[in-house]
Amino acid sequence: MAERNRPGGGADVAAPKTRASRKLARPPLFKVLLHNDDFTTQEFVDWVLVTVFRHDSETAHRIMLNVHMHGVGVAGIYPREIAEHRAEKVMSLAREAEFPLLCTIEPE
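Just so you know, we're using the numbering used here here: the sequence shown kicks off at 3 and counts up by one.
Just so you know, the hints here were simulated from the structure itself, not pulled from any lab data.
For each label pair, taking beta carbons as the anchor points, the in silico distance ranges come out as:
1. 24 to 72: 39 to 47 Å
2. 26 to 67: 32 to 40 Å
3. 60 to 25: 32 to 40 Å
4. 74 to 49: 14 to 22 Å
5. 27 to 86: 17 to 25 Å
Straight-line C-alpha distance at most 25 Å; calculated SDA-like pairs for lysine to any residue:
6. 91 to 59
7. 25 to 109
8. 33 to 49
9. 33 to 53
10. 33 to 54
11. 33 to 45
12. 25 to 80
13. 33 to 55
14. 33 to 102
15. 91 to 38
16. 91 to 108
17. 33 to 81
18. 91 to 30
19. 33 to 87
20. 33 to 61
21. 33 to 71
22. 91 to 79
23. 25 to 83
24. 91 to 48
25. 33 to 104
For each residue, glycine too, the CB sits at the ideal point set by N, CA and C.
Model the full structure from these sequences, guided by the hints.
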């Protein structure tokens with residue numbers, strides 16, 4: 003610790019500097035969306051939801067039916083980099099299987 007001399011002879015001990023506490027902001031989240039088409043099979047969408055998004059089979063089937071009935075459905079909500087990676091993985095798997103499945107992300 004630093005000491006300073008005070009006028010009149012005594013030593014003054016400087017108070018330790020404290021760091022201002024900073025709260026880290028949570029990263030913005032993005033929805034990963036699956037879009038319905040007339041060619042991708044329901045079984046493939048179920049498989050993608052289980053494999054890529056790690057949903058149990060019952061939840062995956064419910065999400066797939068939502069995509070089928072409403073044209074689009076949320077597969078998951080993640081920070082941007084994870085959302086982009088999962089969307090790219092879905093698109094890659096769909097192209098390998100020769101399906102036109104579309105997967106996009108949008109801010110939550």
